[in-house]
Amino acid sequence: MNIVEYQEKLLDKAIKAGFKEAEVYFERKNSFQCMLYEGQIDSYETSEDGGLCLRGLYNGKLGYAYTEKLDDDSMSFLIDSAKANADVLDEDECIDIFEGSNEYTSYEFYNEELETIGIPEKIELLRLIEQKIRAYDSRIVTLDYCFLQEYSTERSLANSKNLSLSHKENGLVIFLSTVVREGEELKTGSYLKMTRDFHSLNADEIAKAAAEEALANLGEKSIPSGKYPIILRSDATASLLSIFMPILSAENAQKDQSLLKGKVGQKVASDTFTLLNAPFHPEALSGASFDGEGVATKEQAIILDGILQTLLHNRKTAKKEGCETSGHAHKDSYKGTLSIAPQNLYISPGKRSQEALIASVSEGVLITKLSGLHSGTNTISGDFSVAAQGFHIQDGKIASPVKQMTIAGNFFDFLNNIEETSSELYFLPNGYGSSSLLVKELSVTVE
Amino acid sequence: MEHARKATIMRQANDIARNYDERINQVKVRYLDEEQHVLIANSEGKFVEDTRIHSRLAIQATASEGKEMQTGFYGPGAHAGFEFIENLNLEHYAGEAARIAVTMLHADECPSGKFPVIIDNEFGGVIFHEACGHGLEATAVAKNNSVFANRIGEKVAPEIVTYIDDGTLPNEWGSLNIDDEGEKTRKNILIENGILKGYLIDKFNARRMNAEPTGSSRRQSYRFNPTSRMTNTYIAPGSSKPEEIIASTEYGIYAKYMGGGQVNPSTGDYNFAVMEAYIVKDGKIDRPVRGATLIGNGARTLQLVDRVGNNLAHGAGMCGSISGSLPVNVGQPMIRVSEITVGGTKGE
Numbered sequence: 230m231n232i233v234e235y236q237e238k239l240l241d242k243a244i245k246a247g248f249k250e251a252e253v254y255f256e257r258k259n260s261f262q263c264m265l266y267e268g269q270i271d272s273y274e275t276s277e278d279g280g281l282c283l284r285g286l287y288n289g290k291l292g293y294a295y296t297e298k299l300d301d302d303s304m305s306f307l308i309d310s311a312k313a314n315a316d317v318l319d320e321d322e323c324i325d326i327f328e329g330s331n332e333y334t335s336y337e338f339y340n341e342e343l344e345t346i347g348i349p350e351k352i353e354l355l356r357l358i359e360q361k362i363r364a365y366d367s368r369i370v371t372l373d374y375c376f377l378q379e380y381s382t383e384r385s386l387a388n389s390k391n392l393s394l395s396h397k398e399n400g401l402v403i404f405l406s407t408v409v410r411e412g413e414e415l416k417t418g419s420y421l422k423m424t425r426d427f428h429s430l431n432a433d434e435i436a437k438a439a440a441e442e443a444l445a446n447l448g449e450k451s452i453p454s455g456k457y458p459i460i461l462r463s464d465a466t467a468s469l470l471s472i473f474m475p476i477l478s479a480e481n482a483q484k485d486q487s488l489l490k491g492k493v494g495q496k497v498a499s500d501t502f503t504l505l506n507a508p509f510h511p512e513a514l515s516g517a518s519f520d521g522e523g524v525a526t527k528e529q530a531i532i533l534d535g536i537l538q539t540l541l542h543n544r545k546t547a548k549k550e551g552c553e554t555s556g557h558a559h560k561d562s563y564k565g566t567l568s569i570a571p572q573n574l575y576i577s578p579g580k581r582s583q584e585a586l587i588a589s590v591s592e593g594v595l596i597t598k599l600s601g602l603h604s605g606t607n608t609i610s611g612d613f614s615v616a617a618q619g620f621h622i623q624d625g626k627i628a629s630p631v632k633q634m635t636i637a638g639n640f641f642d643f644l645n646n647i648e649e650t651s652s653e654l655y656f657l658p659n660g661y662g663s664s665s666l667l668v669k670e671l672s673v674t675v676e
Numbered sequence: 252m253e254h255a256r257k258a259t260i261m262r263q264a265n266d267i268a269r270n271y272d273e274r275i276n277q278v279k280v281r282y283l284d285e286e287q288h289v290l291i292a293n294s295e296g297k298f299v300e301d302t303r304i305h306s307r308l309a310i311q312a313t314a315s316e317g318k319e320m321q322t323g324f325y326g327p328g329a330h331a332g333f334e335f336i337e338n339l340n341l342e343h344y345a346g347e348a349a350r351i352a353v354t355m356l357h358a359d360e361c362p363s364g365k366f367p368v369i370i371d372n373e374f375g376g377v378i379f380h381e382a383c384g385h386g387l388e389a390t391a392v393a394k395n396n397s398v399f400a401n402r403i404g405e406k407v408a409p410e411i412v413t414y415i416d417d418g419t420l421p422n423e424w425g426s427l428n429i430d431d432e433g434e435k436t437r438k439n440i441l442i443e444n445g446i447l448k449g450y451l452i453d454k455f456n457a458r459r460m461n462a463e464p465t466g467s468s469r470r471q472s473y474r475f476n477p478t479s480r481m482t483n484t485y486i487a488p489g490s491s492k493p494e495e496i497i498a499s500t501e502y503g504i505y506a507k508y509m510g511g512g513q514v515n516p517s518t519g520d521y522n523f524a525v526m527e528a529y530i531v532k533d534g535k536i537d538r539p540v541r542g543a544t545l546i547g548n549g550a551r552t553l554q555l556v557d558r559v560g561n562n563l564a565h566g567a568g569m570c571g572s573i574s575g576s577l578p579v580n581v582g583q584p585m586i587r588v589s590e591i592t593v594g595g596t597k598g599e
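So the protein lines, in turn, are chains A and B.
Okay, so the first sequence: first residue is 230 according to the working numbering, each after it adds one.
Okay, so the second sequence: first residue is 252 according to the working numbering, each after it adds one.
No wet-lab data here; the hints were simulated from the structure.
Check the hints yourself; a few may be wrong.
[Stated by the list, open to error] Distance condition first, Cα-Cα at most 20 Å in a straight line; then the derived DMTMM-like pairs of lysine to aspartate or glutamate:
no.	chain 1	residue 1	chain 2	residue 2
1	A	456	B	359
2	A	484	B	266
3	A	484	B	272
4	B	454	A	271
5	B	318	B	285
6	B	406	B	253
7	B	318	B	273
8	A	484	B	285
9	B	597	A	642
10	A	490	B	286
11	A	437	A	278
12	A	298	B	285
13	B	279	A	278
14	A	564	A	278
15	B	597	B	557
16	B	257	A	485
17	B	318	A	316
18	A	490	B	359
19	B	365	A	383
20	B	454	A	274
21	A	484	B	360
22	B	257	A	309
23	A	564	B	286
24	A	249	A	267
25	A	290	B	463
26	A	492	B	316
27	B	365	A	274
28	A	456	B	319
29	A	258	A	274
30	A	312	B	360
[Unchecked claim] Cβ pair distances, simulated, as ranges:
no.	chain 1	residue 1	chain 2	residue 2	range
31	B	405	A	538	57 to 63 Å
32	A	360	B	561	27 to 33 Å
33	B	473	A	302	52 to 58 Å
34	A	533	B	409	39 to 45 Å
35	A	623	B	534	22 to 28 Å
A virtual CB, placed ideally from N, CA and C, is assigned to each residue, including glycine.
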């Protein structure tokens, strides 16, 4: 049975079984990944993974259930489980199933050519990159990660209100972590490259960037702990942004879990700060033309010149607030219930390069990597205190790498202390992006 | 088990946390039960089956007053069924989650600098899970990507430190009858009285290392390749009484509940958040502080353990690594490290 037929049949059965309205969400992901270690294939994995979720309105409550087995038996399992799930729910602020937006932007998230290139050719590229990195400098010991993944994902959403949407995307990600040693000093540096265009990958460029990223960390020095002006590199900023995304969720605001509650229309960040939601950004690998409820997604400013324009809404939070959904219903997978997330969220770039920002700092710290983000951040209070890797800036130039540091502050203050955004733009595979930021100051503790 | 009985317990936990203090304005209770059936067959003739049942209740409480908001968390779990959830002391767990949130609400900002740090028992063991445990997994050791590689028999810690991984503890969250390659789990002594004794080794890396597997091969599901992972890892109890450890500390940080952390297994550099921290002054717990992050190097921190308490306890956590997300216990008695770099918002 093909998926379209299956969806139709299941919807039909669900309505007959007493659901007032129902929706079927289907997802399938194909993935190939491989790791190399000193020229040998260390792991090789192909997988196909998928499932289907039924969500329906039963006795005034939205129950849901999912399965990975698409056969006739699963239909009654899904219907019975979704009913049982609806029965146990307390919430009565019921949201119906969506009838569809007037218009959906068409955009290509899938590059067919990527799949036509054979796996051996992709492994060969990875092997070449590893070889070039290891030959790059005598201080390079090995690579503790030399990893390539290619994936393609299909999603479709159909409901009893005749909405039928589908989405297809693919991409390729290379992740490299290089171990370097000089005397007793052991350091690593990681590098990530993602694309849908295999032919754009250049082994020499990638190897050089990955090797330099690690080598730059050798020769660390300690500097006094204290408050310093900070340049937060684009990739580190994007990772911090992704952790603090929940403050933008209307659901969190409604549950008193976000200090941005009631701040729409108010100044929440410095004038230079603009935060954009861009489902169709060419440099990001994620995004889609519809959200987890089937609502059309769109380009929109979340924060414009420091002013909060909107929180991220799904249909439930929008109904509560008496506004339109912003198209940010999110399904993590066919297993998940609906949550809220952006579709490519990035800090808009400025005019000057990161180098020019560094040149404007007489003494400060350039942060290139943050770790411990899942534990050292409090999205409710905004407090963060996280491990950082980076460099001492003196007289507008990079003086030396700094020993392990922590940077600490409060994200809401941080937003107000951004003095300039650089012209670079970097996206993480999860769709969060940023330019590099010049921040007035943060508390730095050095090991 | 009926959904309604599960929901009743969740509501009870919610009510306990909410009623703890009027400043508790949000409580999130998550319930998990999971039954995993495994069948492992290999070309060496192995054919074994097992069923693993995990149950967990996780309580997060948020306290707020004015512009301040803080959270507290407690998540007890076991390799057991609903009887574990039904017998949980909800007053204790939900009450603690609420107490932590309220305590942190008006805590001072944590000072930064290098201090002696006292880490309490139970989930406090997460620091050695990250700082040492990962570096003892064959995944890192076999490729020489660990500071502990090729050092069996060497002194890597003070004599008071014995570090054990034991997958056989009855009903503990990280326990297993057999590992995911069908080997019986066992008690693996990793560090004994400061001397490095062994690693956690899966079959594949055993060949690479020319060693025996240790019943430590794990994976989240069929979607992952198994590799060497921890089960219930803990520092064995010593002789110091907890109150004496605090009383003998002139100035330092007392980390009562740890948050999560991370390690770079190649270098051993780690970082940790402390969920509930206090300043210790003149041998007494002085006042709560928030925003404390501990950073350092696992191998060096291990050398600096100067007290090991007598109150061993285990705490449940999830450990994410290349073979997926797995239930593991971390455990220890109260310990003291003579110096750790503490990052805080307050400055020095």
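Check the hint pairing residue 454 of chain B with residue 271 of chain A against an upper bound of 20 Å on the C-alpha distance. Holds, at roughly 14 Å.
Against the 20 Å threshold, does the CA-CA distance of residue 456 of chain A and residue 359 of chain B hold or violate the hint? Holds - the C-alpha atoms of residue 359 of chain B and residue 456 of chain A are around 18 Å apart, at most 20 Å.
For residue 365 of chain B and residue 383 of chain A, compute the direct alpha-carbon distance and say whether it is at most 20 Å. violated (51 Å)
Between residue 473 of chain B and residue 302 of chain A, is the Cβ distance one that fits in 52 to 58 Å? violated (21 Å)
Is it true that the CA of residue 257 of chain B sits at most 20 Å from the CA of residue 485 of chain A? violated (26 Å)
Hey, residue 564 of chain A versus residue 286 of chain B, does the alpha-carbon distance stay inside 20 Å? holds (17 Å)
Do the alpha carbons of residue 298 of chain A and residue 285 of chain B lie within 20 Å of each other, as the hint requires? holds (19 Å)
When you check the alpha-carbon spacing of residue 257 of chain B and residue 309 of chain A, does it fall within 20 Å? holds (18 Å)
CA of residue 490 of chain A to CA of residue 359 of chain B, is that 20 Å or under? The given pair, whose Cα atoms are some 25 Å apart, is violated under the 20 Å limit.
Proposed proximity, residue 316 of chain B with residue 492 of chain A (alpha carbon, max 20 Å): Holds, because 18 Å separates the two Cα atoms, which is no more than 20 Å.
Could one say that the CB atoms of residue 533 of chain A and residue 409 of chain B fall in the range 39 to 45 Å? Once the Cβ atoms are compared, 57 Å apart, the range 39 to 45 Å for residue 409 of chain B and residue 533 of chain A is violated.
Does the structure keep residue 484 of chain A and residue 360 of chain B at a Cα separation of 20 Å or less? violated (26 Å)
Of the hints listed earlier, those the structure fails to meet are numbers 5, 6, 8, 10, 11, 13, 15, 16, 17, 18, 19, 21, 24, 25, 27, 28, 30, 32, 33, 34 and 35, in rising order.
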